[in-house]
Amino acid sequence: MEIILNGKTVDVAEGLSIADLVAQKKLNPQVVIVEYNYQLANKDSWPDIKLRSGDRLEILHLVGGG
Amino acid sequence: MSDPLVIGGRELTSRLFLGTGKFASNRLIPGAVQASGAQVVTVALRRVDPDFPEENIVNFVPEGCILMPNTSGARNAREAVRIARLGRAAGCGNWVKIEIITDNRYLLPDNFETIKATEELAAEGFVVLPYVSPDLMVARKLAEAGAAAVMPLGAPIGSNRGLKMKEMIRILIEEISLPVIVDAGIGRPSQAAEAMEMGAAAVLVNTAIATAGDPVAMARAFALAVEAGRTAFLSGPGEVQQYARASSPLTGFLRDE
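Chains as they are written, first to last, in the numbering used here: chain A, 1 to 66; chain B, 1 to 257.
For the record, the hints were derived by calculation from the structure and aren't laboratory data. Given the structure is predicted, the values throughout are model-derived calculations rather than measurements. All the pointers check out, no bait thrown in.
Covered stretches of chain B, going by a simulated chain A footprint (3 or more residues, C-beta under 8 angstroms): (1) 41–49; (2) 69–78.
Chain B side only, calculated, beta carbon under 7 angstroms to chain A, not exhaustive: (3) GLY19; (4) THR20; (5) GLY21; (6) ASN56; (7) ILE57; (8) VAL58; (9) LEU86; (10) ALA89; (11) ALA90; (12) ASN206.
Each pair of labels, with its calculated beta carbon distance range: (13) A:GLN24 with B:ARG140: 46 to 54 angstroms; (14) B:THR211 with A:GLN24: 31 to 39 angstroms; (15) A:LYS8 with B:GLY91: 22 to 30 angstroms.
Glycine is no exception: its CB is placed at the ideal position from the N, C-alpha and C atoms.
Whenever a hint applies, use it, and build me the whole structure from the sequences.
As structure tokens, then:
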């Protein structure tokens, strides 16, 4: 199924959770923050949120800036 | 002499805020923060690129600093509020620099949207430091909206052009009771000293330090300049005069007649 991840359409497996996706992408869960369909998703909720077709996910982190 | 700058209930002894963008390597950041003495350090929030994972910027900021995410990338108040909330969730605490820009050439901020975002975020308990074009009416509205400080630009971001907006900034310092922190455009320590001499509460510097040949040495130069400028302001600079006034006594000259 397709979801929008950071503005791009990507294919992910059915039933994948946010926690699964973060692990699959080898991202450090202590560092990234996730917005799920425009709502902040707390880390505690990541294993419970199963992605559905058409979901919009933003995975963000802090970078240098002025 | 104790002369703390109090913002959001925090007492700051350093009046130099440091941005972390544009450093050739993140490894330069800890030394630059230390040399600058900065206690407030800005960061930005961006999408992760899983194919090119970046280092965690937070690891390069010495412990104890206030991490202040900016809302760069926001084009209106709604986006700025969204970014501010995400920044807080990323562990940055409740300080935020509002930066709302749609002008790509000069990167000038949208004061109107900035006031709206300030109002909303201050009501949510954020310590809001808005980046604005210096304008007295805007600054007053920001104060009413609950801003913790006002951050007028000295010159366009990253331009190193100095205090091009000097007169308008001077009016803000004179007329509003919030701390006025000159942000953007300061390219040389002398310009930072100039801002502090006229009574700015602090300055925020990024490009001038990050892109210097030796960023750590430049950070120290800025720290010295900010301290010099602040001390000069507190010392009460003398009046500017049109004509010369002799410094030596005008009596007792050794002359033939």
